[in-house]
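Asker: Chain residues, written in single-letter form:
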Amino acid sequence: MEDDAPVIYGLEFQARALTPQTAETDAIRFLVGTQSLKYDNQIHIIDFDDENNIINKNVLLHQVGEIWHISTSPADRGVLATCYNKPSDSKVLTCAAVWRMPKELEPGSHESPDDSSSTAHSLELLCHLDDTAHGSTACVTWEPTGDGKKVISLADNHILLWDLQESSGQAVLASSASLEGKGQLKFTSGRWSPHHAGTQVATASDTTVRGWDTRSMSQIYCIENAHGQLVRDLDFNPNKQYYLASCGDDCKVKFWDTRNVTEPVKTLEEHSHWSQEPPRDGVIATYEEHEDSVYAADWSSADPWLFASLSYDGRLVINRVPRALKYHILL
Amino acid sequence: MAAGAAGPGPGSGPGDSPEGPEAEAPERRRKAHGMLKLYYGLSEGETAGRPPGSDPLDPTDLNGAHFDPEVYLDKLRRECPLAQLMDSETDMVRQIRALDSDMQTLVYENYNKFISATDTIRKMKNDFRKMEDEMDRLATNMAVITDFSARISATLQDRHERITKLAGVHALLRKLQFLFELPSCLTKCVELGAYGQAVRYQGRARAVLQQYQHLPSFRAIQDDCQVITARLAQQLRQRFREGGSGAPEQAECVELLLALGEPAEELCAEFLEHARGRLEAELRSLEAELGPSPPAPDVLEFTDHGGSGFVGGLCQVASAYQELFAAQGPAGAEKLAAFARELGGRYFALVERRLAQEQGSGDNSLLVRALDRFHRRLRAPGALLAAAGLAEAATEIVERVARERLGHHLQGLRAAFLGCLTDVRQALAAPRLAGKEGPGLAELLANVASSILSHIKASLAAVHLFTAKEVSFSNKPYFRGEFCSQGVREGLIVGFIRSMCQTAQSFCDSPGEKGGATPPALLLLLSRLCLDYETATISYILTLTDEQFLVQDQSPVTPVSTLCAEARETARRLLTHYVKVQGLVISQMLRKSVETRDWLSTLEPRNVRAVMKRVVEDTTAIDVQVGLLYEEGVRKAQSSDSSKRTFSVYSSSRQQGRYAPSYTPSAPMDTNLLSNIQKLFSERIDVFSPVEFNKVSVLTGIIKISLKTLLECVRLRTFGRFGLQQVQVDCHFLQLYLWRFVADEELVHLLLDEVVASAALRCPDPVPMEPSVVEVICERG
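Chains as they are written, first to last, in our numbering: chain A, 66 to 396; chain B, 14 to 794.
One or more of the hints may lead you astray.
[As the list claims (entries may be wrong)] Capping the alpha-carbon separation at 20 Å, the derived lysine to aspartate or glutamate pairs in DMTMM-like fashion look like this:
| # | chain 1 | residue 1 | chain 2 | residue 2 |
| --- | --- | --- | --- | --- |
| 1 | A | LYS156 | B | ASP611 |
| 2 | A | LYS151 | B | ASP132 |
| 3 | A | LYS151 | B | ASP778 |
| 4 | A | LYS156 | B | GLU630 |
| 5 | A | LYS122 | A | ASP112 |
It is worth saying that the hints were derived from the structure and are not from the lab.
Make a model of the complete structure from these sequences and hints.
Answerer: This is the structure in structure tokens:
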């Protein structure tokens, strides 16, 4: 069944949070967090059977609120972190928490997917990455190469480094830094670089991209006005040490060399409207299965030629890089 | 002979014409002639005088050859009444009488002539006899003269021989005297400085002395002469070496020395050496003019100077050399060519240095005139010394300068374009300070276009000087072909238009966010400029160029269509960029307004938010701005109630993927199913669809971007009940004012619809406002 046609999966809620299961390197598995103000939110664990082109899913209930961001531990397949809206009377506060999924849903414990499809399981709360003093959490990013004990969360204008202790049962604030400046500075997104032995984190706030050293929690570089308007997201190139991609409301994707941040290495302007998640190597092919805005796209951690994209209307599309192109790059 | 019937009878001949006597007379004479002819057997009369139809053999025809009187009379008697017979009788008698008198006259005339002819012949006989006598006398006289002449010759014969001999002796003696006097003569000549004469004498005597040198007296003379000659040669050389005198005298010296039999090779080397000295002096003076210290003369003066000084000198040297050393053959010519090549090369180097100083100057006419002089002056030595390749080298220099000028003009055009842009920027910035909206964009555009066009025309006129007929190098193949096609058309004009497009496009590429952003009005103006170029200006300019520079070159040139396509593409990119920039400006406004508000705890809406009014104002301003330069464009037919729509919260939303294969039936989400299905049939909105060259399309693009931003921002927020209602109000307000700008009002409706629907979804307590209330608020605000 070697077919390049994308596979589509539909969720019944709106969704914008998507992540591959980072610790999983065998199966193609994505986690999607839903957004609903009125109903219990869910985390869908989607397994893609590459050989049979079949999708298996499991649903976890995430009752504390709608999910804005989701990320998984690089070390423990059962552990994930979410940023969610906690509804209160007059304010919306976005909190972050680390969760463990039920044992039987962890990969390896093979049970028939049909049984579990209708019955939703609950997540086990490990700890809150909360410090209400710091405001709403926009994003949680894990140390990519570590043992899954270091987590950075971005809350309003603070960047917080957490140490997860007692098998993630407790989160201790290890260090923090904050942006100072006029106006309401807020982090929108952050990524932990897979290079430099996990000492670098890049963050986006307004039109600026900043790099941080996690050891001293100090800024190491700053790309002022990286984009004409708000920077939405960024990512590192896993293959090239210094390369960083960012995308913004000006519909551009820019590639930066963090050693020389005065000029972008390359600028793409192919996106129509806000780019949300940067692909790694420029526009390769255009995928047009979505009807609504696509807010997230991520590569699989198991198969480098496969990625999932998620649109607001709850449609997840699993795409493959066209085979011809794949061989062209490989050979 | 009987007269023809004159009456109107049937047998009437050609004679009786009804026209009267004056017509009758020649007619009759002809008849008489006809009869004579007939008598002499001439047949032509038979056919000529006869009316067609009458039979020549008719015996009753009075004028016919076969007339038979008996038959005729018989016929008359038989056919005619008496009266007619009487008439014809009288008539006939009259005719006979007339004929008789005619005959008499003729005979008399002829007789007279005959008599006078006889007289003449008699007289002639008499005259001839007299003449014969005189001829006889002449013959005898001639014989006597011949006899005398022979006798005189015989007597003079002897004396003549003696005189001839004496004359020969005299000549010999004269020669001998010349020989004997030669030494003193030569000495005198040398002393007087009449070297030419001395050399001539010596040359005349040399052969004789050579021949008779065995005679002692002659030998002495020869020795003397040789001594004097040696001295002469010495002096000549001396004079030659001193070189004070000009080239003609030197040439004379050389000529004399050659005549004295001096070795030619040595002389020619020496000659060239001297010439070199002189020419180098010329070069030095030219170089001094180049130098920075004295104010350099203008280039025309310089080339004039070089042309008359150096080139003239070189010409003299070359022609003298060729005259003097023609006997040297190809080796000598080669020597001269090498000489000319070397000095010519140095001269060219100087000229090029001078021309390089002209690089920056704008005056082409002076330069072209200077080049013309330069080139023209070198034609003479070029013809004299084809082997030295001077003319070719000169042409090359001219070509190089022409190329450089083209480059200079291209540079100038670019600078002019950039200058125009700066002016436009300033003009755009200035009125804003004065608080006046909408500077005369159309006027600015016209200014820019006309200014560029006039610059182009000026440049064309300037480079056209190079191809003027009276310029000596204009008929060179380069200037007839490559210069026109590759140089002017491709290099200058096409090059400029391309660079203009590139410059314009660079405004799209430059990161607009980093300070000194391009004013959007400039983008718009450039876009219109490029579009105008595409539609008319390019073809106009190229036609103009092709007309002025009749291109005879066959090398491929950029077709007008390619250039137009490039201009159009530039215009399109600029306009797209304009849409993007303006869209992002409004987007930014909307985004800030959504992001900074606390939508959960907002109060019940009473007004349209100010930012929405601002959006409408800005959009109107953009509409005005675009309208100054672009045509209206087409929009879909409008429904009259377009401003009357009020947004209902549940009009549309999409929560379910319609291809959902693993749809969960437990999800209680079918409220929106209907509108979802409805959505299925409406087109997906392509936010960044290509922009067309009209106002409506531009505005549609900007509004699409803005509303899409609003939608995305709304989706990132959570709304309270009143927050949702405020969005409702805002959207209705936008709908009220924005629909008129776009091509398809449905589009605005759809997008705003989706904004409200998304806000409703992002609201835990979605209680929409009554449409009528929304309308009231909007109308009030």
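Asker: Could you run down the list of hints and mark each one as holding or not?
Answerer: To see whether the hints hold, each was checked on the structure:
Of the supplied pair hints, the one linking LYS156 (chain A) and ASP611 (chain B) holds, its CA atoms being roughly 8 Å apart against a limit of 20 Å. As the CA atoms of LYS151 (chain A) and ASP132 (chain B) are separated by approximately 167 Å, the hinted pair breaks the 20 Å bound. Simply put, LYS151 (chain A) and ASP778 (chain B) have alpha-carbon atoms about 15 Å apart, close enough for the 20 Å limit, and the pair holds. Taking the CA atoms of LYS156 (chain A) and GLU630 (chain B), the gap is near 33 Å; set against the 20 Å cutoff, the hint is violated.
Pair hint LYS122 (chain A) plus ASP112 (chain A) holds up; C-alpha atoms about 6 Å apart against a cutoff of 20 Å.
When each numbered hint is compared with the structure, violations occur for hints 2 and 4.
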